[in-house]
Amino acid sequence: MECLTMSWKISNQSLSQQSLLNNESIFSVGNGYLGVRGNFEEGYGEGMSSIRGTYINAFHDITEIAYGEKLYGFPETQQKLVNIIDAQTVEIYIGEEEEKFSLFHGEVLSYDRLLHLDKGYVERSVHWKSPKGKEVKLTFQRLVSFTCKELFIINVKVEPVNFKGKVKIKSTIDGDVSNYVASNDPRIGSSHGKLLKIKEVGLKQDCLYVLDETTVSKLEQERTEDEKSIEEAFTFHVEDVLQFTKWNVYTDTLRHKDGLVEKGIAFVNDAVEKEVSYWFQEQEKYVAA
Numbered sequence: 001m002e003c004l005t006m007s008w009k010i011s012n013q014s015l016s017q018q019s020l021l022n023n024e025s026i027f028s029v030g031n032g033y034l035g036v037r038g039n040f041e042e043g044y045g046e047g048m049s050s051i052r053g054t055y056i057n058a059f060h061d062i063t064e065i066a067y068g069e070k071l072y073g074f075p076e077t078q079q080k081l082v083n084i085i086d087a088q089t090v091e092i093y094i095g096e097e098e099e100k101f102s103l104f105h106g107e108v109l110s111y112d113r114l115l116h117l118d119k120g121y122v123e124r125s126v127h128w129k130s131p132k133g134k135e136v137k138l139t140f141q142r143l144v145s146f147t148c149k150e151l152f153i154i155n156v157k158v159e160p161v162n163f164k165g166k167v168k169i170k171s172t173i174d175g176d177v178s179n180y181v182a183s184n185d186p187r188i189g190s191s192h193g194k195l196l197k198i199k200e201v202g203l204k205q206d207c208l209y210v211l212d213e214t215t216v217s218k219l220e221q222e223r224t225e226d227e228k229s230i231e232e233a234f235t236f237h238v239e240d241v242l243q244f245t246k247w248n249v250y251t252d253t254l255r256h257k258d259g260l261v262e263k264g265i266a267f268v269n270d271a272v273e274k275e276v277s278y279w280f281q282e283q284e285k286y287v288a289a
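When we follow this note's numbering, the leftmost residue of the sequence shown carries the number 1, and every step to the right adds one.
It should be emphasised that the hints constitute simulated quantities derived from the structure, not laboratory data.
Predicted model, so just to flag it, every value in this text is computed and none were measured.
Keep in mind that a hint or two might mislead.
Claimed, not checked - As a list, the in silico DSSO-like pairs of lysine-lysine whose alpha-carbon atoms are at most 27 Å apart:
#1 Lys263 with Lys285
#2 Lys80 with Lys132
#3 Lys157 with Lys218
#4 Lys263 with Lys204
#5 Lys134 with Lys149
#6 Lys100 with Lys204
Using the sequences provided together with the hints, build the complete structure.
Written as structure tokens, this is what we have:
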């Protein structure tokens, strides 16, 4: 008799610089249309490297190819995948002193990051003590939907352990992004970092939108969320568990043609009509099918 046990989870507890860079790839989420690297919502410690990235399949710009010695028949241009609008940032501040949560100061009492292969989402669990002694348990869940290709959800749970009171959450989106460059790596190089420019930022039907355009190919990409500014702070008096959900929708001219803002708003409105648990249940059903 034989018994085979298989785990459908990838787990990691390392916070070293090199493992974090590797884990940004391992703990990424995607659905074939949209992909988001596994960066920390709150960022890393000062001076630490990160390849922060969000990508849409085939959303590209056109760049020149530099040769040390160019021969006949060599192509002059190439299509380069573009790092698009960054919606990952969620910062958490604890207490009246507004101590900022970071895994790189204070004391990490426990930490684990899980990729649920059988459920289709990534989860990060932290028990953290601030420099001034406040303890909090945090759970970050992120999902790129298989049933609504444009939807990226960040769900945050905050549970105070030894205090009750103020918790501030600051949500940010960044349309002024660049591709990763590395002058000492010939595979990547140091050119063609800036391929996207902000075309329009606005508020419509209680949804913030950012419209970006590539430099040469002139493809447009839009991101919509149900918040009212590029950077917005939410303050809560917390006595039990607080849940904060950031809903993000991405559209682009390759798939959605024109009217990107209106189509993005329609996707957001449809998504927020349902509980966040609905999207996690749908994700698990899709993976199990």
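Verification of the supplied hints:
At roughly 26 Å between alpha-carbon atoms, lysine 263 and lysine 285 fall within 27 Å of each other, so this suggested pair holds. Proposed proximity of lysine 80 and lysine 132 is contradicted: the alpha carbons are some 47 Å apart, above 27 Å. A threshold of 27 Å between alpha carbons decides the hint, and for lysine 157 with lysine 218 the separation of about 39 Å lies outside it, so the pair is violated. Pair hint lysine 263 plus lysine 204 holds up; C-alpha atoms about 12 Å apart against a cutoff of 27 Å.
Straight-line distance between C-alpha atoms of lysine 134 and lysine 149 comes to about 39 Å, which puts the hinted pair past the 27 Å bound. As the CA atoms of lysine 100 and lysine 204 are separated by approximately 31 Å, the hinted pair breaks the 27 Å bound.
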